[in-house]
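Novice: The sequence shown runs 156 to 590 under the numbering used here.
Calculated from the structure, these hints are not laboratory results.
As the structure is a computational prediction, the values presented were derived from the model and not from experiment.
Hints are not guaranteed to be accurate.
The list that follows gives simulated cross-link-like pairs (lysine to any residue, SDA-like), each with its CA atoms no further than 25 Å apart [what the hints assert, rightly or not]: (1) K386 / K450; (2) K450 / R422; (3) K466 / S507; (4) K429 / H343; (5) K373 / K386.
Derived DEER-like restraints, expressed as beta-carbon distance ranges [as the list claims (entries may be wrong)]: (6) K178 / L413: 26 to 32 Å; (7) R482 / N392: 48 to 54 Å; (8) E172 / R407: 51 to 57 Å; (9) M289 / M156: 20 to 26 Å.
Virtual Cβ for every residue (Gly too), placed ideally from N, Cα, C.
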Amino acid sequence: MIEHFNPWWKGKEGIKEDEDYRKWVESEIKWVPDIIKEILLEPFSLNIIFGPRQVGKTTLLKLIVKKLLDEGINPRSIFYLRCDYISDYKELMNVIDEYLEIREIEGIRSSYILLDEVTFPREWFRAIKLYIDMGKFKNDVLILTGSTSMHTKGEVETFPGRRGKGKDVVMLPLTFREFIKIASPKLHSLLPRINSLDKVEECLKAVPFIKELNKLFKLYLLSGGFPRAVKDILRYNKVSEETYETYISWMRGDILKLGKSEEVARRIMKAIIKKLPSPVSWHGIAKEIDIGSHKTVFNYIELFERMFLVKVLPYIDPNKLEVDFRREKKVHLIDPFLYHLVSRWTLTEEPSEDKIVESVVATHVARRYEVGYWRDGREIDVVTRDGIGIEVKWSDNIKASPVKVGKIRKVITLSKSKFSRDPLVIPVSVFLSCI
């Protein structure tokens, strides 16, 4: 059975027989995730890759296999296992033992062990912990992928002192800049890249490309960064019904698997997108949807965060640049595609484009900075803990008069297409293309 999952054992060219790799090669629209560079392939290491379903984790593993084969690694020292057909940790141990016997016969001293969807077997972590403690993996590189349940159930935290050189890697949907790299590689090569918002003026170098950037941003607002949706939008200019159904099934399945009520989850999600982008309280949501307890709302939103569905922005006191958890929060979905998806799931009207755009900006900045918001009659949509504010105005009929308050030392205004240096105004598509 395990030979079936490892066609390269017949020789390195066997990778071409692998169904996942074959589909990747034959796809008109494909890419190598940048995240592949973050995985250290040195023994001993236990790397754990987690994130939402359907973001390309299996394809990433097959590309790692191809990379290792191209580097001349013995094909039989690369062991891939799909774990979604395995029932529990005992069965997982049996399959791993089968491979360890094969490599002993082959005289292989060091292996690359790739366990895909490892969270399916019950108590999977017991097998991995035991074998690490027994020294069975002391010369190996382990790469485990799993659904968000690894994160939500705290299973990732069960390996203290057992990670070696390994690390956690979160695989999220594509950013707008990554989307551009796929949709228009030539344009991507011409765009500046800024590593600090203190140098955000450098983004204005991309203004000559604003027409194309705005066109691509319109597509991104529909597909977001989920691979199937991206491929649909670049092929057909729309996201297919099949893709919507696939992602809704994933979201519903994970909620049920984690022991939560789909109905309660749907009602809370409906309240979130109806309130966007206004600050909300857990008490307010509980009262509106007649759940009874704000603690239930808190637990579900915390679950949504761990599932990488939402990002919660707390209130930041501009005088101290500290979070005030007592104040209302802003809740954003982490990817624009999710707004279209959740609207279908909850039978709710989609938020207007300007609201989704603010959300996209907030969640993009949140990937690199600790962020919140500030409101006191006036408002700054996104505030970083190191004192940068961002106001999103999805219009060109704006008068930029950025609010500066307390320790917020710099405020960036984002527009639809308008730009200037003083006051600083940058088009949203230009800004996102550079970060």
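Novice: Taking the hints in turn, state whether each one holds.
Specialist: Results for each hint:
no., hint, verdict
1, K386 / K450, "violated, 39 Å"
2, K450 / R422, "holds, 15 Å"
3, K466 / S507, "holds, 19 Å"
4, K429 / H343, "violated, 35 Å"
5, K373 / K386, "holds, 15 Å"
6, K178 / L413: 26 to 32 Å, "holds, 29 Å"
7, R482 / N392: 48 to 54 Å, "violated, 42 Å"
8, E172 / R407: 51 to 57 Å, "violated, 34 Å"
9, M289 / M156: 20 to 26 Å, "holds, 24 Å"
Going down the numbered hints, you'll see the structure goes against 1, 4, 7 and 8, while the others check out.
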